[in-house]
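Number of protein chains: 2
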Amino acid sequence: TIFEALAEMLAAPEPSALSGKTVVVTAGPTREKIDGVRYLSNYSSGKMGFAIAAEAARRGATVHLVSGPVTLPTPPGVQRHDAESAVEMLEAARPLFADCDLFIGAAAVADYRPETPVEGKIKKHDAEMELRLVRNPDILAEFSTNRKPGQLAVGFALETAGGIDYARRKLTDKKLDLVAFNIYDGTTSGFEVDTNVLTLLDRDGAITELPLLSKEEAAERLLDAIELLLPR
Amino acid sequence: TIFEALAEMLAAPEPSALSGKTVVVTAGPTREKIDGVRYLSNYSSGKMGFAIAAEAARRGATVHLVSGPVTLPTPPGVQRHDAESAVEMLEAARPLFADCDLFIGAAAVADYRPETPVEGKIKKHDAEMELRLVRNPDILAEFSTNRKPGQLAVGFALETAGGIDYARRKLTDKKLDLVAFNIYDGTTSGFEVDTNVLTLLDRDGAITELPLLSKEEAAERLLDAIELLLPR
Chain E
-9 TIFEALAEML
1 AAPEPSALSG
11 KTVVVTAGPT
21 REKIDGVRYL
31 SNYSSGKMGF
41 AIAAEAARRG
51 ATVHLVSGPV
61 TLPTPPGVQR
71 HDAESAVEML
81 EAARPLFADC
91 DLFIGAAAVA
101 DYRPETPVEG
111 KIKKHDAEME
121 LRLVRNPDIL
131 AEFSTNRKPG
141 QLAVGFALET
151 AGGIDYARRK
161 LTDKKLDLVA
171 FNIYDGTTSG
181 FEVDTNVLTL
191 LDRDGAITEL
201 PLLSKEEAAE
211 RLLDAIELLL
221 PR
Chain X
-9 TIFEALAEML
1 AAPEPSALSG
11 KTVVVTAGPT
21 REKIDGVRYL
31 SNYSSGKMGF
41 AIAAEAARRG
51 ATVHLVSGPV
61 TLPTPPGVQR
71 HDAESAVEML
81 EAARPLFADC
91 DLFIGAAAVA
101 DYRPETPVEG
111 KIKKHDAEME
121 LRLVRNPDIL
131 AEFSTNRKPG
141 QLAVGFALET
151 AGGIDYARRK
161 LTDKKLDLVA
171 FNIYDGTTSG
181 FEVDTNVLTL
191 LDRDGAITEL
201 PLLSKEEAAE
211 RLLDAIELLL
221 PR
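Which chain is which? The protein sequence lines are E and X, in order. For the first sequence, this note's numbering gives the first residue as -9, with consecutive numbering after it. For the second sequence, this note's numbering gives the first residue as -9, with consecutive numbering after it.
Calculated directly from the structure, the hints in this document are not laboratory data. Some hints here could point you the wrong way.
If several chains are the same, the list does not tell them apart, and a pair holds so long as it fits within one copy or across any two.
Straight-line alpha carbon distances no greater than 27 Å define the calculated DSSO-like cross-link-like pairs of lysine-lysine that follow [said to hold, decoys possible]:
#1 K113 x K23
#2 K138 x K113
#3 K165 x K138
#4 K111 x K138
#5 K23 x K114
#6 K11 x K113
#7 K111 x K23
#8 K160 x K11
#9 K11 x K138
#10 K23 x K165
#11 K165 x K11
#12 K164 x K114
#13 K23 x K11
#14 K111 x K11
#15 K11 x K114
#16 K114 x K165
#17 K113 x K160
With the hints as extra help, turn the sequences into a complete structure.
Next up, the structure:
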């Protein structure tokens, strides 16, 4: 009957291009040990990455979530891999590179780590101290550089002001398919908050400015944009 | 009747020397901004300080809990004051100094902070970086040095190995009434875990080695020891 047909239409999930695909999402901050008790980190809460992983799973993808230290529950249907430092996150993510269709680097991986972490606890005696830092591996760039044709690479660019040029450079330099640029203003967008304002820049030059959205809605819109870039 | 007397005895809370006293407890880590998104911190979860605040309130004290960034609920009956950095924690604690009977420094206040925090986001270009750090204020020492007769000052000494001599020096140098020394072993004692092994050193030279306890039980034993030091 027409009623049954209608009911079926309303009940059936919209078919998603992500259904059956394998997605790797990194999320959260990393912590870089200074000594046994101290570390370097950043204000990432992991909420954006977790929202993306949850939405990708809802769309029928096999989802691996590689997470830094956060206090969020694992979304339903998502396989979680925990890591603390950037080096550990790369180790957790690398085995997942080969078999994924899509890699989304939503983690705020620390750019630098202390050169020589100390085993015990550094004693304070001096009025000043120098902390020598070295560069961390770039997990997204490592995936992007070594990927096979057809695998998509998506990144985030977080800037505290202006900065869309920086996002565009990231898209080009790392040969990404899409960059989600967001301004960290400490209130409605960026780290620790539940909302986000994203601007999506894709490999073809398209720019989509999204309004202020919950991170769940932002995840939906981001995945909508990514679905259009997936190989047919 | 004898039954009524018994029921009363069983129901009445044990009288506590802390009843009616004002207690200030600091708890948790501090975060020291490197720039708009990055910070220095440590692995303190705040659990020990929160357990002490909860137990002091249960014993009838007026409790101010000055907390760094943690993800713990405020214990019942406790007045909470939030702070992020060591400087902010001192600002939040200082107005409480004059009217308290007891100050317990359970926070893991960062010893150092970046000399010049940057407004936006430091750009990564170099393979290495130097972070110049300066000493933070010592909140417990500031209280201890400026306190009035009869006010008690209690601190924690966290060491990753050996270190009881360091705890003893802290007791003497800061003129504390009691130091709770605990070894950070990353598993049963110290940060992030739910248990603790404390050794209490008091101003009279008494040393009490507590067994492995939950942080709630450790808080009880610590407050028992402190009650003996309160002015009669």
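Notebook entry, point to check: Among all the numbered hints in the text so far, which are the ones the structure does not match?
Noted result: Violated hints: 2, 4, 6, 10, 13, 14 and 15; rest satisfied.
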